[in-house]
Amino acid sequence: MAHLQVSTPRVCIQTGDFDVSAEINALRAHDARVGAVCSFVGTVRDRTAGTPGSISSMELEHYPGMTEKAIEAMIDEAHKRFDILGARVIHRIGVLHPLDQIVLVAVTSAHRGESFQACEFLMDYLKTQAPFWKKEQTPEGARWVDARVSDDAALAKWGIEARNI
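The opening position of the sequence shown corresponds to residue 169 in the working numbering, with each subsequent residue numbered one higher.
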């Protein structure tokens, strides 16, 4: 079977939800080289610092154009580091609630190891370097979410120093 290029964009920033199965099917469609698909779905939690029910909603903002360009560069870097065939990142913006899907990172490769590594790399990079701003609604009021030290440490394992955005 010949490889056909599918016109699905690699990066999508959207307010609406996404269908994980449909996104993965589109990413691997018509590519018989794909032997592995790894995906990560992040969801909105109802807690921060382990306190259940402390978050009623989260609002995400971004800079249109700049955010997509930054994520495209992350995917380009993943292609340089890992033997992957394709990648797709969907990130939601706007007001989200606990249990809502917030992000999808999906990667295809010939073998699972590259797919797992690239998916983790992209998620670590996305958490620290993508220009998104998150505001949580809590019983005490709204607050902007700062980057966590653990996110910076996850990025450092790839030899990348986190930069403030």
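Hints may contain errors.
Stated by the list, open to error - Think about it this way: if two alpha-carbon atoms lie no more than 27 angstroms apart in a straight line, the pair counts; the simulated DSS-like pairs of lysine-lysine are: (1) Lys-325 to Lys-237; (2) Lys-237 to Lys-248; (3) Lys-325 to Lys-248; (4) Lys-303 to Lys-237; (5) Lys-302 to Lys-237; (6) Lys-325 to Lys-295; (7) Lys-248 to Lys-295; (8) Lys-295 to Lys-237; (9) Lys-325 to Lys-302.
As the list claims (entries may be wrong) - Derived CB-CB ranges, DEER-like: (10) Arg-280 to Glu-308: 24 to 34 angstroms; (11) Ile-328 to Met-234: 17 to 27 angstroms; (12) Ala-324 to Gly-281: 15 to 25 angstroms; (13) Lys-325 to His-279: 16 to 26 angstroms; (14) Ala-278 to Pro-307: 25 to 35 angstroms.
Simulated from the structure, these hints should not be mistaken for laboratory data. The C-beta atom is built at its ideal place from N, Cα and C for all residues, glycine as well.
Compare the structure with the hints numbered earlier in the document and write down the numbers of the violated ones, lowest to highest.
Of the numbered hints, 10, 14 do not hold.
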